[in-house]
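Each chain, letter by letter, is given below.
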Amino acid sequence: MTNRVLDAKIPKGPLADKWTNYKFDSKLVNPANKRKYSVIVVGTGLAGASAAATLAELGYKVTAITMHDSPRRAHSIAAQGGINGAKNYQNDGDSVHRLFYDTIKGGDYRAREANVHRLAEVSVNIIDQCVAQGVPFARDYGGLLDNRSFGGAQVSRTFYARGQTGQQLLIGAYHALMRMVGEKRVELLARREMLDLVVVDGKARGVIVRNLVTGETERYAADAVLICTGGYSNVYYLSTSARMSNATAAWRCYKRGAAYGNPCYVQIHPTCIPVSGDHQSKLTLMSESLRNDGRVWVPKAVGDKRPPSEIPDEERDYYLERIYPSFGNLAPRDVSSRAAKRLCDEGRGVGRSGLAVYLDFRDAIKRDGMDVIKEKYGNLFDMYHHITDENPYDLPMRIYPAVHYTMGGLWVDYNLMSNVPGLFVLGEANFSDHGANRLGASALMQGLADGYFVVPATLANYLGGTKFDKVDTQNPAFADAERDTKARVEKLINIKGTRTVDDFHKALGKIMWEYVGMGRTEAGLKKALVELPKLRQEFWSDLRVLGDSKDYNLELEKAGRVADFIELGELMARDALDRDESCGGHFREEHQTADGEALRNDEKFTNVSAWFYEGADKDPTVQREELVWEYVKPSVRSYK
Amino acid sequence: MSANHSHSATSTQKAPASMTLTLKVWRQSGPHSEGRFEEYKVDGIVPDMSFLEMMDVLNQKLIKAGIEQVSFDHDCREGICGTCLMVINGSAHGPDRGVTTCQLHMRRFQDGDTIVIEPARAKAFPIIKDLSINRSAFDRITASGGFISVSTGNAPDANSILISKTAADLAMDAAACIGCGACVASCKNASAMLFTSAKVSHFALLPQGQPERTDRVLGMVKQMDIEGFGNCTNTGACEAACPKEITLENIARMNREYLRAMLVTRKS
Amino acid sequence: MLHFLRSSVGKKFIMGLSGLGLSGFVFAHMTGNLLVFKGAEAYNMYGHFMTHNPAYPLISWSLVLMMLVHAFLGILLTKENHSARPSAYAVQASPAKSVTTASKTMIFSGSILLVFIITHLATFKYGNHYDVEYGGQTVRDLHRLMVEAFQNPAFVVWYVVALIVMGVHLRHGVSSIFQSLGFNHPRYTPTIKWIGIVYAIVVAAGFISQPIYVYLVHQG
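Protein chains in written order, with numbering that gives the first Met the number 0: chain A, 0 to 639; chain B, 0 to 267; chain C, 0 to 219.
No wet-lab data here; the hints were simulated from the structure. Heads up, a few of these hints could be off.
Straight-line alpha carbon distances no greater than 25 Å define the calculated SDA-like cross-link-like pairs of lysine to any residue that follow [unchecked claim]: (1) B:K221 <-> C:S82; (2) B:K221 <-> C:F3; (3) A:K183 <-> B:P210; (4) C:K103 <-> B:E248; (5) C:K103 <-> B:D95; (6) B:K187 <-> C:L4.
None of these values were measured; they are calculated from a predicted model.
Generate coordinates for the entire structure from the input sequences, incorporating the hints supplied.
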């Protein structure tokens, strides 16, 4: 049985010294011994690629697994706006402590102090590392690095590479990884999907993967397994995640005993291109950086359907500037999203559907000139133009909130190790650093912090302090897991029902958005907990997947992922019901202030909910890790 | 509660006209099997759909009719991951410049059109199935020098390296490559020069790239040739097809870099 | 060095370098031959001078070498390129993504030029040898040979066609040389492309004017 005691293993000492002390006290693996240890890294996005590259540089035997055809495709690539780093290059009063504080507050006081402080500390090293790798960050005319501001912060600490920062950082990590692949220090396995975790004597010792091209299952053994497979936004069907982004690897770990932390914490991003119709297959984000220069507004009057150019300034409601004067258009994501939803619910939304607000660059273009705006946001404007067929240089953009990021994930301790020893979880796949709401430009930071700087230290501590029995793929645990995997794949293809995978996925998305979306109620969540098991049953009795399991079969891949999404959706609803408060991205309509802001219940919920799998037909159980405030005093989170 | 989903979002004042299209799609069950065109009709296609959403409509229809779906690779659907390369009416990523297939919208087509959809064709990009191809040759080219060798942990302060805005911008132009392979697909010679030169240029333009300048270009060109890509004949088809509008200037730069490297290298 | 010659970039470089030499030659050849408009003596004395100066062996052999290298590499590259892209697409690319026909057909235009050059050399360099005397000096009467040759309208037509093909080849070739040798700059390349087109037209038109002039003016 896996460990069910949630010990965060936070190092002793003052907050600012914890990480330094940890590294000093940590067990080490001497250079000659490192090659004796093997590590499997699942997922090669920012967290996975950076971890695989760094661990290989250190001398470990690394196997990197990706479901994509190349590590360069991971969805980290789509992050647009930037990455935070507490460099204080702008001399505007930034510091490690301020980044730490902003992140804790931004997360609505639901993250661990020690983790977040470490994140802020290593943020400066990330920028250095990336520049050394040749990441072409934006520069000013003197040749120094440029910064912009992001939501939830009053300083400019965001480094960016046009609107393609995620791409450039991922490509940087990909280069580092490919260097190690070229030197044969990393074995790269592409187009393979992890379908099970192999646990031997309570320790994570390997994975079962399906070779997506041949359809064969394969076994890989190691001394530690790193899950770097991103978040689960696609539970909602429509999200800003890539179509292949999925929760399967993490969900399989949960089913093998790893706890799932805070599954109900979902970030709804305020600036996405609105849905245009039923055919919509995914949503596209417009970077938050646009809110540096764009002004968000709706008409003052309900049902005002005039074109935006005919609505004079005095009849416009620049509501973010009005409600949150000190942060204005840069209010945090959860706050901005809910404000947009409230106004649309009032009937003041714009566009064909009435489910959109304006993001207007008229004043910025007037102030700075067309060229400056083009230089800053050109590719984002082009993308908007392509998708909507409207030119944002002439017309204000229409935006609406959409599911974008999941703060929840597998529970990990300070070492980024789950409660299953040897199972590490990095990046968006873990629950750790963002509390109940993530600040803009912090996802890239966390992915790279975990991969480049945190796990190389904490993995050594684990490997150096653990005795390993020899385990290879002939171990019966591998045979068992492989048999389960094969049976599940065959089951999916043999249902031979009538409805397609997308049918079910859309149905799931509808339930989740309706009841476990931006505003949640007890009644709605209870309804979801009735609907979701029903959907699960229909799925397993009426799914149609054509083709062969021993072949490149994209529908079969999707089917497995959607099956897991349905189960995860249920856990999200359960967690949302259980967390009877509002905090960050989790908004329970029963708990709000007079002006509609989230109302926390610190007395009862200053903790992390970690869910344990109890078996197919049993309800999961929850345990709580209490959050201890040593340096920050939780207060009402105000951006006014 | 308002729903971002489905019906409520489409309560339009005027519904956009829907189209019926004939698709000629390349079907091939595996790398070594014979392929052929199959003709399918799809209807209910609206102008706001992306090309891939139209392909979704096709696949849903096929599955419901008991015909196995068309394999096509795609992921981010926002023009940045580089997965969704296909050849549409003879053009990689479709008729327009500067767009990927996922950012091509059906408003570009008309009711009654016939669209021919093929996989990218190049010996170095073997077909896996239908429109899905194997582009791992690009990964191997990258592994042969497309990086800066800085192990994690000892980088100098980021602002200790001054880089002119012009150099940073040009490097960014080159680094914008998404590795989709449209350059190879559109080139009559299936040459990978635009891809390779974009990476060579990205680093050649930056001070951080200088220490490995010589070995990088030699290694990458060597691997590119081993992979079986064709030669460059300066037609410019790659530049026209590149969704990120990477220019031939990069290939010229690589030619210079290569000549220089050949003259100064101490390796035989 | 062998590595360089075997590599795709190296081959391209050599192709550009030999192309540079050959395009320079055709221009010089064309301008020199314009003396046909001046008269037989000027034309023949020019021919004599060109073939009787100390640089002649060097120039002619390097031209032969460049020709052979250019043709050999052209054929080799085409073979390799066909193997890199064994099958074509069912449809032609859209206008926005199309490229010039000249650039796609270099091997065809080049092959025609190869045949042309062989017949040209056979007709003139290795054709009938007439002598003529100017002020006591005996020189080869190439003018007479040429007038005889261009009495045949079919031969004139063949020349005109072949020279148009040369223009097409140069239309892509000349500006392409710069790209292959590594010169591409947004400030200069548009001009280079424009010069390449003018160059091709001037060379082709200059050459074509000659057989037509001879055919029309020097009737029997």
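Of all the hints numbered above, which does this structure not satisfy? Sort the numbers upward.
Of the numbered hints given earlier, the structure breaks none, since each of them holds.
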